[in-house]
Amino acid sequence: MLSTFHALETARRAMMTQQYALHTTGHNIANANTEGYTRQRVNFTQTESYPSVGRNSPSVPGNLGTGVKAGSVQRIREEFLDVQYRNETNKVGYWQTRNQALTKMEDILNEPSEQGLSQQIDLFWTALQDLSADSEDAGARSVVRQRAVAVAETFNFLHDSLTMIQNDYQNEIEIKRLEINSLLSQLDLVNEQIRKTEPHGYVTNDLYDEQDRLLDQLSNLVNIQVQRVASVGNTNPAAEGAVTVTLIDDQGKPVQNEAGQPINLVDGTGASERAQFEIEFQPNAHFVTGFTVREGNGTGTNVLNTLPRGEMKALIEAYGYGTSPEDVTGVYPNMLKELNSMAEVFATEMNNIHSIGFTLADQNGVVHRGGDLFDLSGVGQGVGAAKAIKLDSNIQASLNNIAASSVNINSIVSGQRQVYQDLVNAPRDQQYFSNIVDFLTTSSNFTTGAPTAFAGDGTNAKRLADVKDTTLSFSNDSGTISTYYQGVIGDMAVSTQEAGRMMNSSLSLQDSVEYRRQSVSNVSLDEEMTMMIQYQHAYNAAARNITMVDEMLDRIINGMGVVGR
Amino acid sequence: MRVTQMMLSQSSLRNLNQGYNRLAQIQDQLATGKKITRASQDPVVAMKGMRYRSQVTEVEQFKRNLSEAYNWMDTADAALDQATQVLQRMRELTTQAANDTNNAEDRANIAKEVKQLREHLESLGNTKNSNKYIFNGTDTTTAPIKNTNNMDLGVTALLNETTTDFSSIEVIYNGKTFQHVGTENGSHIFQDKSQTSPEYGSDAFASEATRLTISPSGAVTFQARNQDYNANDPTSQQQLTNSVSQRDVIVANANTVSINTQAVEVELLKGVTVPININAGDVFSTELFGDIIRLERALEDPKMKGTDLTSYIDNLFGHINTFVAERAELGARVNRVQMIENRLLEQEVNANRIMSENEDADLEKVIIDLMTQETVHRAALSSGARIIQPTLMDFLR
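Protein sequence lines correspond, in order, to chains A and B. Here the first sequence is numbered in full-length UniProt numbering, starting from 1 and rising by one per residue. Here the second sequence is numbered in full-length UniProt numbering, starting from 1 and rising by one per residue.
These aren't lab readings, by the way, just hints derived from the structure by calculation. Where is the CB? At the ideal position from N, CA and C, for every residue including glycine. Hints are not guaranteed to be accurate.
[Said to hold, decoys possible] Cβ-Cβ distance ranges computed for the label pairs, FRET-style:
(1) 25(B) <-> 285(A): 37 to 43 Å
(2) 366(A) <-> 88(B): 40 to 46 Å
(3) 416(A) <-> 88(B): 41 to 47 Å
(4) 366(A) <-> 101(B): 41 to 47 Å
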């Protein structure tokens with residue numbers, strides 16, 4: 001037999017449940033602009049109908065409904081899109097950072113422009129040309145000196161600026177490492193909370209959101225794979241479980257530790273504690289020597305060579321990594337290597353040629369063989385030529401010491417003149433310059449015991465100018481200083497362009513995945529408003545239902561048995 | 001597909017951002033006039049840009065070198081022109097003096113003018129261009145004609161017991177320079193400098209060498225091969241011998257006029273060097289000054305007859321010819337430099353055009369891009385403003 005108040009209970013349940021839904025709507029609206037928030041829906045379920053199925057159930061007609069209840073509050077989210085999104089985020093993290101590193105380098109090298117190294121080399125060349133046409137002129141000489149200083153300083157500037165940025169990357173790597181470790185700790189914490197609450201039948205929607213937010217951030221830094229682990233116990237079907245996060249390489253395969261097992265950064269089963277990243281720098285030279293994941297059980301695996309893609313990889317690549325100073329690779333170390341090689345080869349060739357020329361006469365009217373034009377004495381022990389190169393102190397001391405002239409051929413004893421010519425015209429091998437120097441320092445070769453030279457002879461200045469068009473051999477390749485530098489800039493520009501293009505394409509892919517993800521999970525205010533109206537009406541209707549029952553009861557209680565009164 | 005407010009505002013923000021990016025790029029192009037502002041925007045343009053800029057710098061430098069070359073050659077040409085006029089004036093004066101109506105005093109006055117003209121020639125030989133002696137090869141800091149006192153040491157200098165270094169002494173006679181080759185019985189033998197064979201001491205020397213002999217008493221004998229010598233004619237002499245007056249030979253220090261013969265070269269095109277100086281030894285030579293001094297002495301000699309001066313006039317003609325020839329050679333070189341200049345100017349235009357084509361922005365295109373982008377950007381702004389503003393709440397009352 002039905003209770004008299006059955007309908008009241010049904011209406012009360014309806015009001016409660018509609019209110020529950022209205023609260024959820026309010027929660028949705030409140031979080032409409034929360035990053036990473038997933039809209040929630042109340043799953044309405046009917047309560048058990050009357051009579052319930054059973055042996056002793058009364059035989060009454062029909063199956064009377066008893067109202068509604070809120071079954072669960074569920075996140076509306078598509079996990080497949082998360083996987084896609086994290087994949088793209090990972091690429092964005094890598095290419096964006098790489099692009100940034102290369103763009104900064106591009107800014108420093110600043111080519112083509114009126115300020116770059118190539119312009120300085122061109123200007124130095126014009127100064128030497130002027131000197132060759134006007135070799136006794138102090139003005140032409142001082143321009144050569146200033147332009148030589150400018151070339152040296154440009155090398156110094158490029159080296160210092162690049163090194164400065166490179167050093168910034170060391171700090172950034174350290175900060176990002178701490179960020180990864182902190183993300184892993186947070187994920188572990190969230191996992192623990194989920195593992196503790198889900199067995200009691202709870203659905204921890206806000207924790208799942210937090211979990212997804214953390215995973216999104218982590219995937220930006222390193223490449224990861226996520227697996228859900230269902231909790232044991234009395235779990236709600238809407239429960240999503242804790243996560244196990246695995247490190248994966250570029251091929252999408254899990255990175256393995258020494259035991260051949262995949263490296264679990266966070267373990268959803270709670271078997272071992274979270275992993276942490278460690279990093280080792282070479283203290284003097286600037287490069288990373290080790291990037292180690294230490295798992296919860298204490299096993300450490302160096303993943304420097306199988307570095308998973310992401311922002312971290314781009315940072316380490318920009319900063320440079322390797323096992324010894326000789327085999328360091330990286331965006332910045334490579335460019336510094338090129339600059340060092342260019343500075344050294346160029347300065348050495350200039351010095352060689354300068355040493356076979358002759359200076360202006362000193363106060364005693366004596367000319368001297370040229371010394372060095374550039375000073376490379378600071379090179380060595382991790383200090384490259386681009387940093388160490390400067391103008392030689394003798395040139396700094398006196399303009400006369402610029403060796404613009406060749407030896408006066410008439411001061412050579414007549415039998416040796418052809419020998420000298422042959423030496424000068426010989427192919428430029430390693431011996432070339434020292435052969436000429438040997439000849440010039442042998443006093444018996446000269447009528448007056450020492451070579452002489454004329455102030456108006458600018459042939460050695462011309463030879464110095466010709467270095468611009470001389471094929472030199474650099475660390476990676478050979479070419480003239482200009483063409484080699486053009487190649488270096490070209491390589492850098494192509495890498496930057498590639499990084500920029502990859503960044504843009506991964507960004508737009510990320511955008512489109514994000515769009516689809518939001519399309520599923522984002523709060524639509526219009527929708528929430530509509531539903532609010534819907535729930536409100538249902539709530540009102542349920543209230544009306546109570547009024548109706550009230551009127552019915554009023555009839556039964558107050559209006560019955562008062563016949564005719 | 002569900003689309004929410006947040007999605008709308010995010011995407012319109014993204015679109016606006018992209019619009020700004022494009023506008024910034026167009027602004028860069030308009031402000032700098034260049035297609036690219038960083039190498040990565042177009043690596044090929046950047047690399048080529050570096051090469052073309054370098055080419056333009058080179059052409060500009062060669063133009064500077066060119067003006068240096070013109071400077072030298074113009075100055076040299078002007079100096080040679082003046083020197084020729086001086087010599088012509090000397091010739092006129094000598095022709096005038098060769099007339100026997102002039103008495104010794106008149107000739108002495110003419111000699112004075114010739115002396116002045118000679119000094120002018122000396123200063124022409126020491127012509128400077130922007131602080132450089134242009135007639136002294138690569139030795140531009142010293143004057144080619146240094147100590148003019150050394151031009152005429154006098155025959156007695158040879159006979160002086162203290163003189164031992166004869167290699168630094170030259171004797172000038174009739175347009176020729178003679179150098180010391182040996183001593184015989186106290187007599188000094190000098191051979192024509194331009195004649196290298198026969199060598200002193202060889203059998204043919206006595207019969208074939210053009211030479212001067214200065215005896216200890218100061219008597220000068222000139223000997224030269226007889227051009228009309230006929231071996232079959234027993235009367236014809238193989239050797240001509242003249243006795244020369246002491247005042248008609250000039251004994252000079254060999255270093256009086258510098259003999260730096262090294263060319264001053266300037267690069268005018270990549271790998272093309274052109275010598276820009278002329279060899280001073282060819283024009284302002286010891287012979288020239290020696291011969292003029294000889295002329296002066298002859299004019300001062302009261303015993304001189306008019307007809308005797310004819311050989312001096314011929315002599316001057318010879319020197320004028322040397323100057324004219326040298327100027328012609330210089331003129332030819334100026335022509336060559338002018339041709340190089342033409343090529344250089346053409347190259348300059350080309351290099352600048354190629355550079356411009358490579359890296360300069362096409363303004364019309366950029367401005368049209370700007371207009372298009374501006375329109376798109378305005379549309380994005382106004383559509384954003386229209387879409388984001390109204391919500392359902394505005395209509396729910």
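To see whether the hints hold, each was checked on the structure:
no.	hint	verdict
1	25(B) <-> 285(A): 37 to 43 Å	holds, 39 Å
2	366(A) <-> 88(B): 40 to 46 Å	holds, 44 Å
3	416(A) <-> 88(B): 41 to 47 Å	holds, 45 Å
4	366(A) <-> 101(B): 41 to 47 Å	violated, 60 Å
Violated hints amount to a single one, hint 4; each of the other numbered hints is respected by the structure.
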